[in-house]
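There are 2 protein chains.
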Amino acid sequence: MSSFTNRRTIRKYKDEDISAAQLESLLYQASRAATMGNMQLYSVVVTRSAEMKEKLSPLHFGQPMVKGAPVVLTFCADFNRFTKWCEVRHADAGYDNYLSFLNAASDTLLYVQAFCTLAEEAGLGTCYLGTTLYNPQGIIDLMKLPRLTFPVATITVGVPAECPEQTDRLPFQAYAHAETYQDYTPNQLDIIYYVKEQLEENRKFVELNKKENLAQVFTDCRYTKKDNEAMSKGIIEALKHQGFL
Amino acid sequence: MSSFTNRRTIRKYKDEDISAAQLESLLYQASRAATMGNMQLYSVVVTRSAEMKEKLSPLHFGQPMVKGAPVVLTFCADFNRFTKWCEVRHADAGYDNYLSFLNAASDTLLYVQAFCTLAEEAGLGTCYLGTTLYNPQGIIDLMKLPRLTFPVATITVGVPAECPEQTDRLPFQAYAHAETYQDYTPNQLDIIYYVKEQLEENRKFVELNKKENLAQVFTDCRYTKKDNEAMSKGIIEALKHQGFL
Chain S
1 MSSFTNRRTI RKYKDEDISA AQLESLLYQA SRAATMGNMQ LYSVVVTRSA
51 EMKEKLSPLH FGQPMVKGAP VVLTFCADFN RFTKWCEVRH ADAGYDNYLS
101 FLNAASDTLL YVQAFCTLAE EAGLGTCYLG TTLYNPQGII DLMKLPRLTF
151 PVATITVGVP AECPEQTDRL PFQAYAHAET YQDYTPNQLD IIYYVKEQLE
201 ENRKFVELNK KENLAQVFTD CRYTKKDNEA MSKGIIEALK HQGFL
Chain X
1001 MSSFTNRRTI RKYKDEDISA AQLESLLYQA SRAATMGNMQ LYSVVVTRSA
1051 EMKEKLSPLH FGQPMVKGAP VVLTFCADFN RFTKWCEVRH ADAGYDNYLS
1101 FLNAASDTLL YVQAFCTLAE EAGLGTCYLG TTLYNPQGII DLMKLPRLTF
1151 PVATITVGVP AECPEQTDRL PFQAYAHAET YQDYTPNQLD IIYYVKEQLE
1201 ENRKFVELNK KENLAQVFTD CRYTKKDNEA MSKGIIEALK HQGFL
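Protein chains in written order, with the working numbering: chain S, 1 to 245; chain X, 1001 to 1245.
The shape of chain S in the complex, shown without the other chains:
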């Protein structure tokens, strides 16, 4: 599994296609991931056409990977297929609720990670776009996602045209707890975030944004309370629209 421990997010791709057969093989293999009651509560919309990438790009805030990758995959929590099957079998489906959304979203995200690991093992590069949740209704409309489906993750895939430095990770002690959750003291937080705060790159971000420290770069520039609250409203509206709330 050296492909996994050596992995890095790849944002630049060669001008080289991924064959339908390879993509199908990887997407099918990934379905071996654990799934709730073996219901496979996900769908994946495969974007290859320039026209769809053009329309999808602004929904991901113009991140260049959308137009730069041969393949963009939008992974959707999906209780529509299962519910439709229940309907044709005269079974009383009760999956238009919040638990069912979370079950489907969980299935989907396990499937996404399984796919990424397999794709990287096959020499491909992937990038996870967190922006999927920023404007889900736009994606729902563009991809004609029916009731009881919801986009939860987008992955761009291609043959790597870069090999960036691996990013830092927190020490194991930062996120592992024995038996019960041990909350953090200020001193522990200093230790946990020490390496991250000292990184040349991060010190530059602090300077560039004229902030006192790295945490303020996150809260004031990258992920602000105002944006988070506005986008939370949009997600909840979209969940209602899709019948999960």
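Simulated from the structure, these hints should not be mistaken for laboratory data.
Treat the hints with care, since some could be wrong.
Covered by chain S, per the in silico footprint, the following chain X stretches (three or more residues, Cβ under 8 Å) [stated by the list, open to error]:
1. 1005 to 1019
2. 1059 to 1069
3. 1167 to 1181
Examples of chain S residues toward chain X, derived with CB under 8 Å [to be verified]:
4. 26
5. 36
6. 180
7. 208
8. 216
9. 228
Glycine included, every Cβ here is placed at the ideal spot set by N, Cα and C.
Given chain S's structure and the hints, the job is docking chain X onto it.
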């Protein structure tokens, strides 16, 4: 990656421990999974003590894996650590909202799948307990999970003491869509679910439960509307309690 394509859920484990070093190594390697803004919005609570397993067992409806596995891992969406760090740096954290919960839950589930793949590659067996979402408040209380954390997945891990048959999976065409979502006709649903409905095991379930077909086993016995709706309320209450809604 034959360990992945040959995987099966393992529910029975040998009476053999997993060393702290091996567990730490696997949990650390898994942190290479993609994470939102490199924030690593997760924590994992490691249960080894018989006392904690005894208390955890009923929260997972007495599934025998909880007491039968040497290690039980409860993976939690975690914006507490990051927020506490922001607070000691006088940064105005705005992560007490729904988008932040979904971001943290996504990070966590990618991490869970990465861990499972690595653990299985190392010869261990895992079982994903979907019951984590059935009574999150019980787990929150037992594990003393603070505000801005939320349990999203539980994995039991151990040395396999069984090798069950691999379960079926839907054909690729069932969940892949080109460019936009193609909704399902009754005829397509017949094809997609044909193999599953014909399986000897599933036909037995139908007979045993005195139902007309497999879909009704799901809707009337396994995952009922009534249970789903009651548990949805519990999750939403717990999300409010933890500060995410």
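Which numbered conditions among the earlier hints are violated in the structure presented, ordered from lowest to highest? 2, 4 and 7
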